[in-house]
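Number of protein chains: 2
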Amino acid sequence: MSLAPEVLEALVRALGPEKVSADRERLEPYGRDESELGLYPPDALVLAAGAEDVRRVFEVASRHRVPVVPVGARSGKSGGTLALRGGIALSLERMDRILEIRAEDLTARVEPGVITGRFQAAVEASGLFYPPDPNSLDLCTLGGNVAENAGGPRALKYGVTREYVLGLEVVLPTGEVLRTGKRSIKGVAGYDLTALFVGSEGTLGVVTGITLKLLPRPRHVATALVCFRSVEDASRAVARVLSEGVIPRCLELLDDVALRACARTSPFRFPEEAGAALLVETDGNDEEQVFAEIARVAEAVAGDAAGEVIVAQNEAQRREIWETRKYLSVNLKALHPRKLSEDVAVPRSRIPEMVAVTREIGRRHGFEVATYGHAGDGNLHANVLFDAEEERPRVEAAVGEVLRAAVDLGGTITGEHGVGLAKRDFLEYEQGAEQVALQRRLKAVFDPLGILNPGKIFPERG
Amino acid sequence: MSLAPEVLEALVRALGPEKVSADRERLEPYGRDESELGLYPPDALVLAAGAEDVRRVFEVASRHRVPVVPVGARSGKSGGTLALRGGIALSLERMDRILEIRAEDLTARVEPGVITGRFQAAVEASGLFYPPDPNSLDLCTLGGNVAENAGGPRALKYGVTREYVLGLEVVLPTGEVLRTGKRSIKGVAGYDLTALFVGSEGTLGVVTGITLKLLPRPRHVATALVCFRSVEDASRAVARVLSEGVIPRCLELLDDVALRACARTSPFRFPEEAGAALLVETDGNDEEQVFAEIARVAEAVAGDAAGEVIVAQNEAQRREIWETRKYLSVNLKALHPRKLSEDVAVPRSRIPEMVAVTREIGRRHGFEVATYGHAGDGNLHANVLFDAEEERPRVEAAVGEVLRAAVDLGGTITGEHGVGLAKRDFLEYEQGAEQVALQRRLKAVFDPLGILNPGKIFPERG
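Chains as they are written, first to last, in our numbering: chain W, 182 to 643; chain G, 182 to 643.
Source of the hints: derived by calculation from the structure; they are not laboratory data.
Every clue listed holds true.
Simulated pairs of lysine-lysine, PhoX-like, Cα-Cα distance not exceeding 20 Å:
#: 1; chain 1: G; residue 1: Lys338; chain 2: G; residue 2: Lys394
#: 2; chain 1: G; residue 1: Lys520; chain 2: G; residue 2: Lys507
#: 3; chain 1: G; residue 1: Lys338; chain 2: W; residue 2: Lys394
#: 4; chain 1: G; residue 1: Lys338; chain 2: W; residue 2: Lys338
#: 5; chain 1: W; residue 1: Lys338; chain 2: W; residue 2: Lys394
#: 6; chain 1: G; residue 1: Lys394; chain 2: W; residue 2: Lys338
My request is simple: use the sequences and hints to build the entire structure.
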């Protein structure tokens, strides 16, 4: 695929030459994301500086019926920014200003290209707190987080991105510029368009401004690591913690394969019989109370635990515990050079079943599977480990079974990574043909010509 | 207006005679809600027993192009259930079963006709917690709460209904039955249709089943009442509390007129110079910590307070404090027999301005105004007090000014009551013509014949 020369000329005319590129080498990195789904480079790249630029891109794209794919940091895991049918990659990366942090209203206004981690640092410097913490926070952008409704470990206590988006500025493919939502914390006027755009994976409009809700920053955090004989024991402990009335800010599970990988570099010695571990974190303003809560957690899980409950006594130990989790991905690659990562979610009580079924599917296909993730909210990352690229089709077959199993257990094919290109063939299995058809009709309201990020979320029509 | 006899016959044929009524006396109460917008009785009443009944009603209504208005407890404040153009009132009141409370997953499944207060009691009996607490909770239904995205005092800490709806069963006017959302806590597959239905005021589909998220029940609650010289002082105190890092579960404001009304029956003696009051509540699992938090609040506000901070020492005192707030509406009617209540929301820092502007508008039109509400999240109930029905047109003019002022201050015309019939003429002022037009197009996707709750949310077309 390549663009007709008049399209490129029209883009340059509309936006100026410095914002437009059709240079092959320049385009290549825009053909990739973290999904490992292959290379789909766009035919042109536009680096937008504001809503007006986005509107102009849509004007050109509409006239020439050319696809437009919005792009942030390309750290997505579901292929949402791949230019499946070529066309224009519309990058928001230059729109990276934090416009306002209003401590008195606990709100902020940002452009979509702001890196999430940078925003969190700025907010925390003002004594405030923005909870969503996707693993990629040092790379990913707030616009991307809005598009995917990003989560992270702290979602258990604090919820996902959706809970923090008060309002959006969105440019529709039709050229309309909407300001949805509100600047007040509450508001119910009309349909919740803001919530409809959050998680729509860049298929309904391009977000050019975000108003976010903030919280006061909790002053103290306590972190603990607990080993268990089995995932069943760990899951029982999770239920016990929550029924104690404590909602930790994180409750992360590692299964035995994940634990084995972690053990390679972790400074902690896991007990021999350990078949699972939980990483628990509580937070609040009162140091005593935060430690009292982690102590209550420790007490609640002690009966099920294998070995001692490790409670970090200082910041260095906290970091060590998190690094155990952080280097997991790298350490898994030391076991097997390749992996395909999934992010199903199931009702919390079905976690042991989900882990067991996943393992059984892996075994049947001849792969080791490492499962870890946000046990508190049932969001599991099942990683099928493999050694050679030739095995990929079989890995994909196994992953398909994992996705269907999650749905059969009352769960979903994606807890936080999105459908994108990766899972579009499984959406109907979860939602049924009627609901998918309805969503296609909704998309047509926003994008009547079908030029915005085509081929994503919904299965290709036979 | 009245139904053609064949429509009634078709309903009886489809649903059986015991579920259908066209008896005038029986219909009359269905022509009213808590909005005081007048009497709009339907031409027929259907008492649905399940999704299949709802589907059949739509089948008949589509064939004969008759409006269908879904009805819960008729406790709404914006006229959402009034049968503006006659037709069929489709009542969900008989669908009142709590189907499941799953402690291990912190979820519940209910039918839409379950009374909110009854559900809360059942949930609390299981050691769990469902936070949304609209003032009408002893009357209103969970289906109505979903339709309006109901809030309440505890929304400050716990969020509104939307935050607790995981999934819905919805019957569309086209007869499709959708199961949206998930039973897991997290999930991002496809567009967030669940969020689109929540707060859509019964204009997109009829909810016949609800899956709700629950929390562990906080074991302890502490309540305090503080007086201030002025709303400005009280607002400064609110900002100070939040910047202390404490998020109380309630932070309710009363202005001087509200306070004067309360003083009629309250067991508390308010200081003479009191021009405003805050009702504050903290909660948690550790009694000491909950009281430590309320003490921290008391300390934070002491500098601005007029008189002592009253902290309830036992359950009886807690109840007394809340009754001060609860009987406010009755007590206001003792000042003036009539009132028109609004529920604007503004960014928190604009509360003093909003209260001042509201008062000025009242003064100009010759009315006393009492303002109270959820100061923590900027959601204010401005009550224009008046004496005789003839004054209503002037009251409405004043209220219109209040709504526009809220928008001008960066807020919204409705924080939690919905647009319905009451505020449809102000929606464009807040959102602009393009956004309203887009929402009409969305409605047409769900309801192509325009038979579901016509005339609500959107202004009548010239």
